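Engineer: Sequence:
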Amino acid sequence: MKPLLLVALLLSGSADEQRLNRFDDPFEVLSTDIAGCPEPRGPRITAAEARVQAHHRAERGTSCWLAGQCSEPNAYRFDAGIAAALRERFKEAPALRPSSLWMTVQGRIVYLEGCVASAAQGPQLEAVARGAPNVLQAVALVRVGPDGAVPYRRMD
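Sequential numbering of the sequence shown, starting at 1, is according to UniProt numbering.
Warning: the hint list may mix true and false statements.
Claimed, not checked - Here are the simulated distance ranges between beta carbons: (1) S118 / K91: 19 to 27 angstroms; (2) E28 / A120: 20 to 28 angstroms; (3) P133 / V52: 13 to 21 angstroms; (4) Q69 / D147: 26 to 34 angstroms.
Calculated directly from the structure, the hints in this document are not laboratory data. Source: prediction; values computed, not measured. We put the beta carbon where it would ideally sit given N, CA and C, even for glycine.
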């Protein structure tokens, strides 16, 4: 086997193991006030994880519309608009400071992951997110203080 072909085959196998945002879910940084906050994995998954999630995502997205709970035929179509609305809402939210937070929106559910200075910020951030149109649920998975436990999957 030629060396170049061998390298190409080896690299193609590793591409399946790379963690990527394979469904293009909105995922962005909201704040960076707290140094050393571990970056969440967010919607970045391997190819194998994407294959496992694909059926559930299709079913969940369509069932919302069939039940008459969504104006779109797929719940995931709301996510980009929700993310845009939340970007604006969080600019004015006192609960955001100080924090280092990432936001993921998947199927009308908002995940806020990162670090906050006080325990009160988590519920306040969830309330801000739930106030946006089309948000079904909001979950704040946050580390409180510099030494608290990290309650979310990390990139490392």
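Engineer: Broken hints, numbered, in rising order?
Structural biologist: Hint check: 3, 4 fail, others pass.
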